[in-house]
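Letter by letter, the chains look like this.
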Amino acid sequence: MAAGAGAALPVVVMAAIVVFLVVGVRSGPLAWGHLLSSPVWDPSRGDYGATAMIFGTAVVSAVALLLAAPLGWAAAVAVVEVAPARWRRPLQGTAELLAVVPSIVYGLVGIVYLRPFVARLAGVPGGDSLLAAGLVLAVMVVPTVVAVSADALDAVPRATREAAAACGLTRTEVIRSAVLPAARRGMGAAALLALARALGETIAVFLLVGRADGRFPSSVGDVLTRLERPGQTLTTKLNGPESVLAGTSGAHWAALCALGLILLAVVVVLTAAGQRRAQRSGEPRRRAPAGVGTGRLAGRARAGADRALRAGLWVALAVVVALVAAVVVAVATRAGAAFDPSFWWTPARGASGGGIRQQLAGTVLLVAAAGVLAAPVGLGLGLVIAEYAHRGAAQWLRTLTLTLAGVPSILLGLWGYWLFGTRLGWDKSWLAGAIVLAVLAVPPAAVAVAAAVDALPPDRREAAGALGLRRHQLVRSVLVPQAVPGLVTGLLLGLARAAGETAPLLFTATVFSGAPALPSGVHNSPVSSLPTHLFNLAQDAAEPAARRAAWGSAFALMAVAGLLVLAAVPARRSLRRRTA
Amino acid sequence: MTPVVADGLAVGLAGRRLVGPVSFTLPTGAALGLRGPSGSGKSTLLRALVGLLPAPLAATGTVRVLGVDVTSAPASALPALRSRAVLVGQAPVVFPASILANAAFGLRHVERLPRPALRARCEAALDEAGLWDEVADRLGAPASELSVGQRQRLCLARALALDPEVLLLDEPTSALDPAATAAVEEAVVRLRHRRSVLVVSHDRGQLDRLCEEVVTLPDPFRPPAGR
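Going line by line, the protein sequences match chains A and B. One rule links them: number in this note's numbering = place in the first sequence (from 1) + 49. One rule links them: number in this note's numbering = place in the second sequence (from 1) + 1.
Source of the hints: derived by calculation from the structure; they are not laboratory data. Hints may contain errors.
[What the hints assert, rightly or not] A few chain A residues facing chain B, derived, Cβ under 7 Å:
#1 Ala134
#2 Asp203
#3 Ala204
#4 Ala208
#5 Thr209
#6 Glu211
#7 Cys216
#8 Gly217
#9 Leu218
#10 Thr219
#11 Pro230
#12 Ala350
#13 Ala352
Idealized CB from N, CA, C, for every residue including glycine.
With the sequences and hints as input, model every part of the structure.
Written out as structure tokens, the structure is:
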């Protein structure tokens with residue numbers, strides 16, 4: 050039952066989002082040709098051109114990827130190939146922890162530290178710019194690059210390294226000639242997944258990009274000057290007030306849905322390509338023959354090159370660790386408010402400060418409800434992927450699940466707003482928010498369940514089969530017990546990410562102020578939440594009281610996400626024991 | 002100079018001895034066999050000779066390979082040693098590249114050679130490893146197309162291309178059928194007159210065919226006699 054419902058979820062949700070956007074596009078007159086060729090976006094004159102936003106999205110993502118990919122690759126090589134083995138797990142754990150730092154926190158750090166830096170660098174007042182947004186995105190996606198690349202490097206067999214070293218190659222020659230060619234696919238996938246994340250990121254970009262419409266370079270040389278000016282991206286347009294003001298039909302709404310469709314198409318293609326690439330990362334590619342080049346250096350020069358390259362890898366690792374430390378220290382040193390106990394249970398006062406009582410209660414409610422909804426679905430989906438579905442179908446289901454995980458959360462938010470808020474007439478509702486967050490938490494839970502079941506030693510399955518167990522008995526008494534630690538681990542990590550999501554909640558579940566700590570029904574029953582509260586405070590960051598409350602809320606939000614990650618540790622340990 | 006001298010060589014983990022101790026000498030141009038039951042640590046000892054032990058394991062005793070004291074030499078000196086005393090591992094690892102590029106894999110890093118000279122060295126090595134006749138017409142084909150027996154000889158050719166003074170062979174025929182085993186053994190017999198060869202195997206008959214002298218490792222699970 051749960052298995053069937055679980056298997057249906059990625060198919061149903063993906064289809065529902067596409068249908069929602071297509072229905073939206075068809076609800077009004079839309080000139081695709083004009084949309085894709087004009088930079089002018091002026092709803093008051095009915096002029097809808099998207100190239101300025103497509104340009105903004107491309108520039109911001111390119112800046113992020115050009116910085117994050119080389120840095121992340123080098124840091125991953127340093128972690129797996131050069132650093133002592135006992136550093137591995139702590140470093141990889143840190144990368145994981147960093148991946149759940151909410152994007153709204155990065156946005157806040159960006160506003161306070163990055164904006165003034167860019168303002169000085171470029172001589173632009175304020176510092177809101179495509180460059181600032183790209184820089185903060187780079188920091189956000191580095192952990193993704195490191196984590197996925199490290200997995201790919203880990204999968205290269207030790208015998209490969211040994212065979213290369215046995216021919217007299219230095220450490221970095223082994224890495225370059227033997228390890229990187231074998232891990233190339235997976236590392237490429239890491240960059241694709243990071244790019245997909247950068248394209249879909251909303252909140253941090255929203256706070257830093259300046260949201261200026263119609264900015265499009267007049268010449269190729271103009272691209273660089275545009276970097277330090279404000280701009281607009283697809284996601285920031287969708288996250289803006291226009292999505293609510295446009296109604297849910299007509300030309301304006303149709304144009305917004307078209308932006309969503311473009312965004313979805315690009316992200317889905319990148320994510321699916323990245324996942325399929327990562328899954329096949331072990332296979333060597335057929336390469337053009339030859340490949341015989343003459344040696345570059347000999348003797349002492351080789352040893353010197355080895356030392357220099359290794360030093361470079363250490364520097365990359367140090368930079369990544371320093372970035373992590375900077376974000377954590379920036380929040381911890383300014384979160385004095387959070388160390389005052391009354392901050393946690395005092396009600397908030399409008400947009401300027403106070404405590405976080407309703408926000409904390411709302412976030413706990415949303416996360417708990419999302420967990421209750423996501424647990425059975427994630428378990429069922431994971432079991433179907435690992436055990437039930439025909440192999441080819443399981444592959445597709447897995448890819449679809451991972452693609453769903455890559456869908457920009459702003460699109461889920463708009464979909465929730467359209468479906469629950471307007472079609473079902475719930476208006477703002479905590480349940481709609483919980484459902485959207487559950488959709489975000491299901492994919493990681495399902496993937497972890499599938500991995501746990503895949504890791505089951507075959508003899509145990511055989512032993513159960515030899516006792517005459519039927520399929521459903523096998524599932525219930527062998528697979529489910531095996532899957533539960535995986536479910537708990539994946540679900541908690543998924544919820545940790547969901548807890549920090551801002552964009553979907555803005556449209557479905559929260560109001561700026563005046564919501565009770567706990568709702569009394571489903572219809573028109575909004576709550577407050579930490580990320581959306583922080584989103585409001587961050588936009589008032591010039592005011593001292595708001596700033597103080599913002600840092601305190603950022604700390605509280607990171608504490609919630611961190612607690613969820615830490616809670617996953619015992620489950621993970623139990624999983625490791627069981628499959629050992 | 003004697004190519005390999007091991008005196009009381011043992012491998013341990015955190016001070017606990019796992020393999021050895023064992024003492025042996027490999028003279029110039031000789032072939033020496035190292036024999037022992039499964040799990041006695043033959044492959045581990047061979048790795049210790051060129052400083053390729055995986056992280057927590059450590060070697061004790063004295064080992065001099067081509068005049069280098071392996072247990073005390075700095076890590077930066079080991080790549081140069083490994084290109085003169087080449088270990089051919091048990092698993093026939095080929096890299097995702099052409100047959101020729103695999104044969105040149107080590108050489109092109111270690112020596113600066115013009116392209117034709119590099120190619121000539123690789124072709125000679127493929128010949129010495131007894132693989133030339135089977136691959137001469139498809140040097141540009143991916144090495145992954147070769148059979149397991151051919152791969153094992155390609156690994157041998159990769160080592161021979163470096164023109165090493167010492168060859169360390171770890172179970173050179175473990176995964177092969179009788180015909181492929183014969184081909185590899187022939188190759189080893191041919192090359193041992195020009196180089197010093199240390200062969201590790203569990204197969205007594207093979208060692209008798211290939212080597213003048215055979216050293217037996219102590220069984221780690223049985224205490225030495227007389228105690």
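Structure-based check of all given hints:
1. The beta carbon of alanine 134 of chain A is positioned within 7 Å of a beta carbon in chain B (closest approach about 5 Å), and the interface hint is therefore held.
2. The closest approach between the C-beta of aspartate 203 of chain A and any C-beta of chain B is roughly 15 Å, which is over the 7 Å cut-off, so the hint fails.
3. Interface restraint check for alanine 204 of chain A: the shortest CB-CB distance to chain B comes to about 14 Å, outside 7 Å, so the restraint is violated.
4. Evaluation of the alanine 208 of chain A hint against chain B yields a held restraint, the C-beta minimum of about 5 Å falling below 7 Å.
5. Here the hint on threonine 209 of chain A is kept, as its CB sits about 6 Å from the closest CB of chain B, short of 7 Å.
6. Interface restraint check: glutamate 211 of chain A against chain B, minimum CB-CB distance 6 Å, threshold 7 Å, status holds.
7. Checking cysteine 216 of chain A against chain B by beta carbon gives a least distance of about 3 Å; that is within 7 Å, so the hint holds.
8. About 3 Å separates the beta-carbon of glycine 217 of chain A from the nearest beta-carbon of chain B, less than 7 Å, and the hint is met.
9. Because the smallest distance between the Cβ of leucine 218 of chain A and any Cβ of chain B comes to about 5 Å, under 7 Å, the interface hint for this residue holds.
10. A distance limit of 7 Å between C-beta atoms decides the matter here; for threonine 219 of chain A the minimum to chain B is near 5 Å, and the interface restraint holds.
11. Satisfaction of the interface hint for proline 230 of chain A is found here, the shortest Cβ-Cβ separation to chain B being roughly 6 Å, below the 7 Å cut-off.
12. A hinted interface residue such as alanine 350 of chain A counts as satisfied when its beta carbon comes closer than 7 Å to some beta carbon of chain B; here the least separation is about 10 Å, so the hint is violated.
13. With a least beta-carbon distance of about 5 Å to chain B, the hint placing alanine 352 of chain A at the interface is held under the 7 Å criterion.
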